[in-house]
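Enquirer: Each chain, written out:
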Amino acid sequence: MIHNKSANNPPPPAHEDSDLIPQMTGLQNLWRQLRNNPLAMWGMVLLMVFFVLAVAGLLLTCGRNPVMDPEKVRLVDTLKPPLTRANTAVLAPFERPAFGIYFLGTDKLGRDVLARMLQGAHVSLLVGFISVGIAVFVGIILGALAGFYGNYVDSVIMRAVDIMLCFPSFFLILTVVALLPPSIWNIMIVIGLTSWPGIARFVRADFLALRKQDFVVAAEALGLSKMKIMFIHMVPNAITPVLVTATIDVAGAILTESSLSFLGFGVPPPAASWGNILADGKDFIFDAPWLFIASGMAILITVLAFNLFGEGLREAMNPKLRER
Amino acid sequence: MFSFLSRSLVEKLITLFFISIISFSVVMLAPGDPSEIDPMNPKFTKEDIQRLRKAFDLDKPLYIQYYLFYKKLFTNELRSYKDNQPVFTKIIERFFNSLPLFLVGTLLTWCLAFPLGIQAALRRQSFFDRSTTFFSYLFISLPSFFLAYVLIICIVKLFNVPVIGLKTFGREASSLWYLVNDHIWHLMLPSVLGAIGGIAILSRYVRSQMLEVTEQDYVRTALAKGLPQDTVYYKHALRNALLPFITMFGLTLPGMIGGSVIIETIFSWPGMGRLGYEAILARDYPVILSLNFIAACLVLLGTFISDVLYMMVDPRISLTGGKS
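In order, the protein sequences belong to chains A and B.
Mapping of the first sequence onto numbering that gives the first Met the number 0: position 19 corresponds to residue 18, and the numbering continues sequentially without gaps.
Mapping of the second sequence onto numbering that gives the first Met the number 0: position 296 corresponds to residue 295, and the numbering continues sequentially without gaps.
Quick caveat, the hints were computed from the structure, so don't treat them as lab data.
Check each hint, because a few of them may be wrong.
[Stated by the list, open to error] BS3-like mimics (lysine-lysine), calculated; alpha carbons at most 27 angstroms apart, straight line:
1) A/K281 - B/K166
2) B/K71 - B/K81
3) B/K42 - A/K107
4) A/K107 - A/K227
5) B/K42 - A/K281
6) A/K227 - A/K211
7) B/K42 - B/K70
8) A/K211 - A/K225
9) A/K107 - A/K71
[To be verified] Here are the computed distance ranges between Cβ atoms for each label pair:
10) B/P114 - A/L108: 31 to 39 angstroms
11) A/N35 - B/Y233: 47 to 55 angstroms
12) A/F98 - B/R52: 54 to 62 angstroms
13) B/F126 - A/F98: 51 to 59 angstroms
14) A/P180 - B/I183: 37 to 45 angstroms
Idealized CB from N, CA, C, for every residue including glycine.
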């Protein structure tokens with residue numbers, strides 16, 4: 000697991016024609032590997048598009064007087080198909096959607112689906128990133144402590160990991176989210192706190208190997224504090240596989256949120272997430288299929304992009320596959 | 000062998016004890032009280048609430064509640080808050096409804112994932128490999144209920160058969176042929192949906208495992224000395240590639256509860272997952288906790304079985320030493 004160490008170090012000083020020094024830095028190598036993997040490249044491009052959309056969505060739908068209001072209820076224009084013109088006879092100018100057209104139609108309350116999808120983009124992204132961020136944070140700290148100290152610290156933490164892995168995770172998440180008051184933050188925290196064991200295991204395994212490396216021994220001999228050694232010197236060397244797993248976990252968290260929405264415990268209204276647009280859409284699957292299709296496709300493409308990119312990264316960093 | 004088994008058993012019992020404490024405190028410490036489920040009901044006097052709290056031990060301190068809860072669970076005296084039925088009987092009844100779904104789903108998963116994964120590995124980078132890769136990512140990335148609704152609409156429109164529920168209501172007097180057919184149709188769609196995600200994930204694992212094994216020296220040697228390819232791949236390589244899947248086989252057991260919540264809810268299938276969902280909606284703590292406990296038992300049982308199987312199959316693992 001130390002093969003990617005050079006990824007985080009500056010390129011070595013130029014000693015030409017030396018066999019000992021790799022020709023490329025780890026990052027360049029990674030990039031070359033990724034470029035040969037069309038699926039991963041597609042994933043990356045889609046992710047970039049998605050990020051731009053999410054940021055644009057945040058800018059367009061936030062504030063007191065947004066360009067596109069995702070929460071504006073227009074009871075004259077309920078369940079309109081995509082590309083319908085707004086009912087200008089009844090709606091005042093400030094109530095109309097941008098350009099006067101519902102590009103993706105409207106839902107059962109006459110809210111503009113395009114605006115809701117744009118708002119949902121950053122909400123879904125936020126759920127994915129914050130919950131995985133929590134998982135990564137907890138996982139790194141516990142994994143680092145277990146791998147660094149060993150002995151009883153290790154046994155206690157690994158026992159905790161075993162216990163966490165014994166819970167049926169979706170059922171546990173559902174139970175906790177259902178019992179707590181509805182809030183988007185609860186969902187993120189619960190998803191985060193149930194998905195750290197895998198990451199803790201990765202970090203621990205890396206730390207066990209790193210613990211005996213020269214740079215760690217040297218740092219200890221120089222009298223650096225243990226916290227500094229662990230979190231400043233060792234974590235950067237163990238973080239790459241964690242980031243790969245995290246990429247894939249973000250996809251999982253977005254799916255989990257949509258499943259929770261489906262069961263009625265997702266991001267609470269009036270905030271839109273792709274999951275709750277999809278869950279609302281299922282009741283109108285014959286009358287207003289665009290609700291269901293637009294949000295379903297958005298989730299599918301995003302999650303697919305995260306998965307493809309994450310797997311591409313994993314494959315690119317696997318030294319066994321690298322030489323082929 | 001005996002010492003290993005007994006030690007592993009003791010370890011698992013300790014884990015189970017901690018799980019019981021954690022799940023009990025998660026559920027009991029959540030805000031809200033089951034006696035407040037209908038606070039607006041005028042017929043519900045303070046005395047009634049006191050009586051109910053007493054009947055379900057809710058007026059006692061937490062650690063006594065914990066003791067009483069698990070004592071009642073094991074002596075089958077535990078009763079549901081919702082309908083005062085014995086919890087154990089309820090769960091057993093639902094268990095036998097979930098069982099066919101689980102068995103057919105698992106059978107489908109294992110029968111399809113292995114051939115797909117092995118073929119993809121043997122024809123690395125072929126069209127077949129690329130398309131199975133793409134489709135498995137597609138199915139991993141789809142929200143399961145999105146796929147479910149699309150499939151329900153397709154099946155019902157194409158074949159004009161009812162698929163929701165355990166069987167068609169009110170047709171019990173029909174011919175045997177009709178009843179059997181009806182059962183198969185009702186069973187097929189939910190089990191296929193449950194299996195799709197599993198097939199996608201498992202076939203990826205099989206592929207990477209098979210790729211790793213076919214890189215080994217002994218495979219090259221066997222090919223070099225002129226053994227037929229089929230013998231080399233399906234007899235020598237496959238056996239070694241299959242080893243890690245023994246572990247996964249044990250871990251499919253808990254999927255009976257956690258993995259089936261959404262599918263069983265969509266199809267109104269009266270199984271354990273749906274029982275859990277209904278219990279969560281009704282704040283029926285005894286049922287939630289018992290299901291959690293059973294799920295944890297299933298996980299531990301699964302890991303125990305896979306440990307034992309692993310030892311029996313792989314002669315390199317010694318029966319006496321080492322952690323499980």
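Enquirer: All hints, please: hold or fail.
Expert: Okay, the hints, checked on the actual structure:
no.: 1; hint: A/K281 - B/K166; verdict: holds (23 angstroms)
no.: 2; hint: B/K71 - B/K81; verdict: holds (17 angstroms)
no.: 3; hint: B/K42 - A/K107; verdict: violated (37 angstroms)
no.: 4; hint: A/K107 - A/K227; verdict: violated (55 angstroms)
no.: 5; hint: B/K42 - A/K281; verdict: violated (37 angstroms)
no.: 6; hint: A/K227 - A/K211; verdict: holds (16 angstroms)
no.: 7; hint: B/K42 - B/K70; verdict: violated (33 angstroms)
no.: 8; hint: A/K211 - A/K225; verdict: holds (14 angstroms)
no.: 9; hint: A/K107 - A/K71; verdict: holds (12 angstroms)
no.: 10; hint: B/P114 - A/L108: 31 to 39 angstroms; verdict: violated (49 angstroms)
no.: 11; hint: A/N35 - B/Y233: 47 to 55 angstroms; verdict: violated (30 angstroms)
no.: 12; hint: A/F98 - B/R52: 54 to 62 angstroms; verdict: holds (59 angstroms)
no.: 13; hint: B/F126 - A/F98: 51 to 59 angstroms; verdict: violated (44 angstroms)
no.: 14; hint: A/P180 - B/I183: 37 to 45 angstroms; verdict: holds (44 angstroms)
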